[in-house]
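Combine both chains into one complex, guided by the hints.
Quick mapping for you: the protein sequence lines, in order, are chains A and B.
Each residue of the first sequence is one higher than the one before, counting from 1 in the working numbering.
Each residue of the second sequence is one higher than the one before, counting from 1 in the working numbering.
Hints were generated in silico from the structure; no laboratory data involved.
This structure is a prediction, so every number in the text was calculated from the model and none was measured.
Don't take each hint at face value.
[What the hints assert, rightly or not] With the C-beta cut set under 8 angstroms, the calculated list includes, among others, these residues of chain A facing chain B:
1. 241
2. 278
3. 442
4. 445
[To be verified] Calculated Cβ distances over 10 angstroms to all of chain A for the following chain B residues:
5. 45
6. 70
7. 76
8. 135
9. 158
10. 195
11. 212
Each residue gets a CB set at the ideal place from its N, CA and C atoms; glycine is no exception.
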Amino acid sequence: MSQSVTSDSPETSKRPSANAEGVTELQDAVIRFAGNSQDGIQTIGGFLARLAGRSSREVMTYMTIPSTISGGASIFQVHLGSGEVLSAGDDADFLFAFYQHSYDSHIGSLRPGGICIYDSDHVEVIKTDADVIHVGVPITTTTVEAIGGSARDRGKNLFVLGLVTQIFKLNKAKIVSLVERQLGRKSEDVLRNAMLAFDAGFAYPVGDLMGLEFDLKQGKIQGADKVTTDGNTALTLGLLAGGVRYGAAYPITPWSTIMEQLRVELPKYGGLFVQAEDELAAVSIALGFAYSGHTAVTGSSGPGLSLKMEALSYATMAELPIVVINVQRGGPSTGLPTSVEQSDLMQAIYGSHGDCPRIVLAPQNVGDCFYIAVEACELARKYSCPVIVLTDQALASRIEAFAQPDLAAFVYEPVLDQATRGEDFKPYPLDGLTRHAPPGSAMAGGKYPVVTGLEHDEWGHPSGNPTMHSRMTQRRREKIKDFGKTLPLPEVFGDATGEVLIVGWGSSWGPIRESVMRMREQGRKAAAIHLRHLNPMPNSLDTIFAHYDHVIVVEMNDEGIYGYGQLATLLRSRYCDSKIKSVCKTDGLNYKIREIIERVGSLINPA
Amino acid sequence: MSATAEPTKVLTKKDLTADHPTWCPGCGDFAVLASFFKVLEKLQIPHEKICTIAGIGCSSRFPYFVNGHGVHFIHGRALPLATGVSLSRPDLHVFAFGGDGDGYSIGGNHLDHAARKNVNLTYIVMDNFVYGLTKKQTSPTSPKGFKSKTDPTGSIDQPINPMKKLVYGGASFVARTHAVQVKHMMEVFERAILHPGFSVVEVLSECVIFYPGIFDDGNPRKGGAFDVIDEKKWDNTPEDLDRHDVTDENAAYQLASLQYPGKFGVFYETDRPTKNQLEQQWIDSTREKQGAVSTVDLLSSRFASMK
Chain A
1 MSQSVTSDSP ETSKRPSANA EGVTELQDAV IRFAGNSQDG IQTIGGFLAR
51 LAGRSSREVM TYMTIPSTIS GGASIFQVHL GSGEVLSAGD DADFLFAFYQ
101 HSYDSHIGSL RPGGICIYDS DHVEVIKTDA DVIHVGVPIT TTTVEAIGGS
151 ARDRGKNLFV LGLVTQIFKL NKAKIVSLVE RQLGRKSEDV LRNAMLAFDA
201 GFAYPVGDLM GLEFDLKQGK IQGADKVTTD GNTALTLGLL AGGVRYGAAY
251 PITPWSTIME QLRVELPKYG GLFVQAEDEL AAVSIALGFA YSGHTAVTGS
301 SGPGLSLKME ALSYATMAEL PIVVINVQRG GPSTGLPTSV EQSDLMQAIY
351 GSHGDCPRIV LAPQNVGDCF YIAVEACELA RKYSCPVIVL TDQALASRIE
401 AFAQPDLAAF VYEPVLDQAT RGEDFKPYPL DGLTRHAPPG SAMAGGKYPV
451 VTGLEHDEWG HPSGNPTMHS RMTQRRREKI KDFGKTLPLP EVFGDATGEV
501 LIVGWGSSWG PIRESVMRMR EQGRKAAAIH LRHLNPMPNS LDTIFAHYDH
551 VIVVEMNDEG IYGYGQLATL LRSRYCDSKI KSVCKTDGLN YKIREIIERV
601 GSLINPA
Chain B
1 MSATAEPTKV LTKKDLTADH PTWCPGCGDF AVLASFFKVL EKLQIPHEKI
51 CTIAGIGCSS RFPYFVNGHG VHFIHGRALP LATGVSLSRP DLHVFAFGGD
101 GDGYSIGGNH LDHAARKNVN LTYIVMDNFV YGLTKKQTSP TSPKGFKSKT
151 DPTGSIDQPI NPMKKLVYGG ASFVARTHAV QVKHMMEVFE RAILHPGFSV
201 VEVLSECVIF YPGIFDDGNP RKGGAFDVID EKKWDNTPED LDRHDVTDEN
251 AAYQLASLQY PGKFGVFYET DRPTKNQLEQ QWIDSTREKQ GAVSTVDLLS
301 SRFASMK
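Next up, chain B with everything else stripped away, as it sits in the complex (with noise of 0.2 angstroms):
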């Protein structure tokens, strides 16, 4: 079936490099990119094995920009894409990407049940508290009182914390960071990577078109503070007591309750039993009860049953 008997050769950014992203000069998701296939590199993960896929928006045409396979689907629904990719494809490593329309608005409800089947696959948001590709409308994510062409004089709606939404809707892991930190996205890409798992980053990237500036909070070189959490190493000194536990649901939630810019870092991480893993043992069980039998033999039982 599988015909990969080439030599293995090292994954490089070149490989992975496929046309010049269509994003605007200064887009904070070309960081992104660049992170994503700085681990790529780093992991060397084979590369017809890797698979991005994602819905609609600015971020998300991300898969034309990986040369690997890829799905552009419809608005909204690139996890459930990516979960039937995921749920009978257990040798590929799925990734899917977006922004805060996508994937807490339209998609919203398919990111609470992905998290809580805890579906093995990766997923990146691109939060940039506007609609950019639709040109400056409110997100669920804008801030009250934010002025879009939906609410010239200032949204009302309270917004999501997206953080929030991702530990209460069980996903197994959940980490947030900030484009213009390149070298903190690429670890939390390595680790929610390497998690086994729904793992999930909130990126803060900046519309430069039509919200600029808004992330300068978090951002030191325009004023700002990168607070990253310090995690406990349990190396039972006084200090760690203070530090954040990331298998602490609660805690989780204590750090997404913070005032914004807030902190950056793994806000929860917990190791339980994948969808992937659950079903397949349902399978292995199924099939060693009845032994080794041909489709026609098990088709032809049932009807015998219906006759």
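One chain only, chain A, in its complex shape (with noise of 0.2 angstroms):
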């Protein structure tokens, strides 16, 4: 929380402090939600994400899910900021706690001078930390009577938005319209009930109880609203905008809200999805759809993707185009279903057996996860080959808010192509792009196509001959470096040269840029490269190396047997330098900025 009106030094100061109304301006908070995950906090969240996307509020949230079904501790962070907000904060201005439990295992996540709001039903004190303000509410109890004491506490969720939404000014009018479109579509009853506990929470005099008064800032720029929305959503909406009108795929998570909207958004366009039996038949049916003609698409996770690499060769080799989306979870095997890591890069490139050249791509937020599945639609289409796109657990559920893309410049219609074939019909030239000719299309020839895993002569005929091998290895390999030289260098952020630049890729971006903007701030010539594009990657890199002493990758995975994480590994083989050298975590958790603060820091001057 940092305050538009400060003490004497800013960097220390441990309290809000207020102006002469005694109300204090902030111009960024992070509020934490602790409680149990059917107490529908992600609501919570989501309306206040969403009315900070109508106030030109950035937004970034964060949060845990149990992998278990009915229950277990959750909690939902959102950071709400007037200015740029790139991560969900390292620790909590505020802290709401619903149970004992959520006490107990948040309170150190509050800074110095935080303030915790807790359920004064289900929580217990431990008045020891003097720096954290204490604000007991009976949110249970509360919540029960003004529902109508029906001894059913469903409703808190609404109660404590009504909290925060009397603690911070917010708009209220927003917010109730916001409520209530989302909730006027289930029953009167749910609405009116879920009203009453907010108007309780609203008028609940928790100010007098906290002694301090605040405003949220608005957000400078008045532009049009802005989209608030989780990753996985905004990838689903650049699929279907990048042409996508078939796929097939299997449950897990966190892929599954892809498929679920998918399957139901598709028939809207004229298309279709399909839940397939296993793995293995969803990738081969979406490459029966992209034998068929249509940009097709499959998805999964993890261990999803590791049963989909045997027909992603095939579909190097036979030169099919599929877009695969893999969102990355903690591994190996079942490992981590609910966190976040970045360790499938290696799999996503080389998992397949054989030469078996393809794109990988990653977003770096949000809204990214919308233009990268737009990109590997066109690429699928122009290079014939599988794209795989890297997002994660932490995009796929947490919210960000965006402007809305121009969609008239992205959207693809796509075209069944069934133009007769003229005789010289070849579907693997060596010197050109691969020609599919899609079942139903004539061929003038009177000779029609067999697609195959076989490798093959440039008519697609099965072929042994060794230079055939060789040449045809040499095609598929040289169309994806071609596609690489396409690559423009990635943006610099920072300082053109200096002590150290930091190398990212995934949802990694926003505390990565944060830490910059800290180091800067620190007196530090610090910049930070994050790369979208993992196979090919921009070529040249090297020439933004030379501008600094160290070059750091970060990022979520194992360093290893050999000590550097998976894209660290590609760039030291890469480029041969031994200033390239690897941060890397497996909490399972997101990067706090004062963790690559340190670590970079450590690595730079050792102890």
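Here you go:
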């Protein structure tokens, strides 16, 4: 929490300080809600995030959901700000604790001087930490009373939403309209009870108890309302815009919400999404769609991607276009199904048998999930190969606000090309891009193509000729290399020359960027680049590396037997540069800003 | 989009013939290919609408020998790929081919699911009770005691019963024939192709190299008996009571339980909606409800709901 009205030393200020009217103006606030998964705390977070998008505020959320179905501890953290919000926040400024276990587990996540609002019906406070303001509110009993004494405490989340609206002087009318829009679709009773709980929270004299008043500043740019959604939804919409009309998959966390949405959305576009009996069938059905002339998608999480590998090798050999979404989670094996990790990079690039080049992309934030999906579709069509998108659990579930994409510029209307192919038709010309003739296309020469996983000649005819295998292997490799040549160097964020360059990929874009900003504020010459194209990578990254004393790759995977993370290993292999070093971790959590700065610092200046 | 403005041309066996099959001389699969050509000649399916799909195995080389759009896919996954083609291209005639290893072992799960979903396609299994391409290992249909390279003292595992598996799985057309009975094979193929839904034909097709003589019991020329199912004619005669009702699932199981070589013909045939029809109904009703909306408008309204 940084304040516009600050004490003498802003860096060390522990307490929010008030202006003349006793109101503390906040630039941003990190609010953590801790409860159980059935309390609907994600709902509060969702409303706050959407409100932020409507108020030109930046927002980033973070949540944990237990991997069991019926409850368990769950948190939702919202970082709201009037300036740029790049991370979900290292420490919380406000904690709402629903239960004793929520309090015990999360009181430590509150920054010194932070405010803990707890349910006094459930929580007994250990008043040892004098540097936390404790405010007890009988959340459960007040909610039950407000709804009419049904003895059920459903609605506590709306009560707390009312509290939050009051505390931060949020736009009540906007919040109420959001609640009505979302819950009005359910029964009248649900909406009435929700509003009773909300009003009770809004009217509860929590401000008197805190002795503090806050005002969260509006964002400066008053533009169009922003879109507020999670990465899986943004990615789904990107696939639809990119021309995907057919797909198949098998459910697995955290991929499932993409297939659920595609199953419902695709019929509106005249398309179809099939739930397959297993991962092998899923990728095979999708390849059936691709062979038939459509832009097709399949997806999964790490374990499922492993199962698809044989068929993806076929897709490289037969040069069929297919988009594969992999929502990474903690591995190996079942691992940490609801935690984030970036440990599928090598699998995505090298996981199949044989020399099997393909394109691998990674979105860097929620909005980018849309754009990367559109790009994946374009590339699959252009280069007739598998395109794997490596998103992750953090992006899948977190909510961010971003400007609506210019849809007219990004929407691709798919066309099924069944034109008669000429007598000279060759699907795999040695000197050009792949040209498929989907079934239904007449062949003027009278000879029809058979698409095969056997090595083949330019006509697709099986060939065991040693020279042909070399030339075709080269052909499949060169088209991917050619795509690499078209990639611009990534933007350098920060100092153009200096002490340290941080290299990142995927969902850690925000925390890395914020770390670089902080390091530069501390007087260090630092910069970051973020790779969205991981295979192929843009060429000549070494021309950027040359401007820094240290190149440090920050990623969420293990340092491996040889001491380097997966992207760091690739960069060292490509550039043979010993100044490339690795910061890795495998705790299943997003990087904190503090963590990146400390780890990078200790590599530069070893103790 | 489609530019097939060519004059209608009669489809002949010559048009359909591609590479000379790489099968061993005497292989039962030659007759299956010849019968398939003859049925296509009879049905006159437009040439460019024929799509043959197979996985891996001797019989799975089939698409190379048919001059038509085709896919030689990976081991065991011909049916899922064919499912994708069938569901997204109602204009095509989709045929899947394979053997007992591809269909009943590595692809066994897909067979059950393509069957229960009643995907509109025709699947022809050339069952030879042995792995031929990899040179004589035990297959899921190898009888107990069969000596192979993986069971030198004789197979010990109970073989699967393909007909029971197919009926249980929910295939809406299930038939059995023998590669030496070309006329019967053609009749069954034609009925399978004309059947709307998932139709499967199990063909006993001898591997003359690794399991010679195994199907002689079903071949009258080798002293066996080709016992054809007597189907009900619904003519109210007393004889008709004893005939087979193809819509009776229990009767199909009884036929499937007969001692080898058993009976040949259509075991089961039922008319139920295909996945193709059901999915199309959903697409149609969805689009009817929303009216004519462009892609950009559809996406715009989704984005608007998230503001």
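Comparing the hints with the structure gives:
1. 241: With a minimum Cβ separation of about 6 angstroms from chain B (threshold 8 angstroms), the hint on residue 241 of chain A holds.
2. 278: Because about 7 angstroms separates residue 278 of chain A from the closest Cβ in chain B, which is inside the 8 angstroms limit, the hint holds.
3. 442: holds, 4 angstroms
4. 445: Violated. Min distance 11 angstroms.
5. 45: holds, 12 angstroms
6. 70: The assertion about residue 70 of chain B is violated, with a minimum of 4 angstroms to chain A.
7. 76: violated, 8 angstroms
8. 135: holds, 18 angstroms
9. 158: holds, 24 angstroms
10. 195: The assertion about residue 195 of chain B holds, with a minimum of 21 angstroms to chain A.
11. 212: holds, 28 angstroms
Of the numbered hints given earlier, the model fails hints 4, 6, 7; all others are met.
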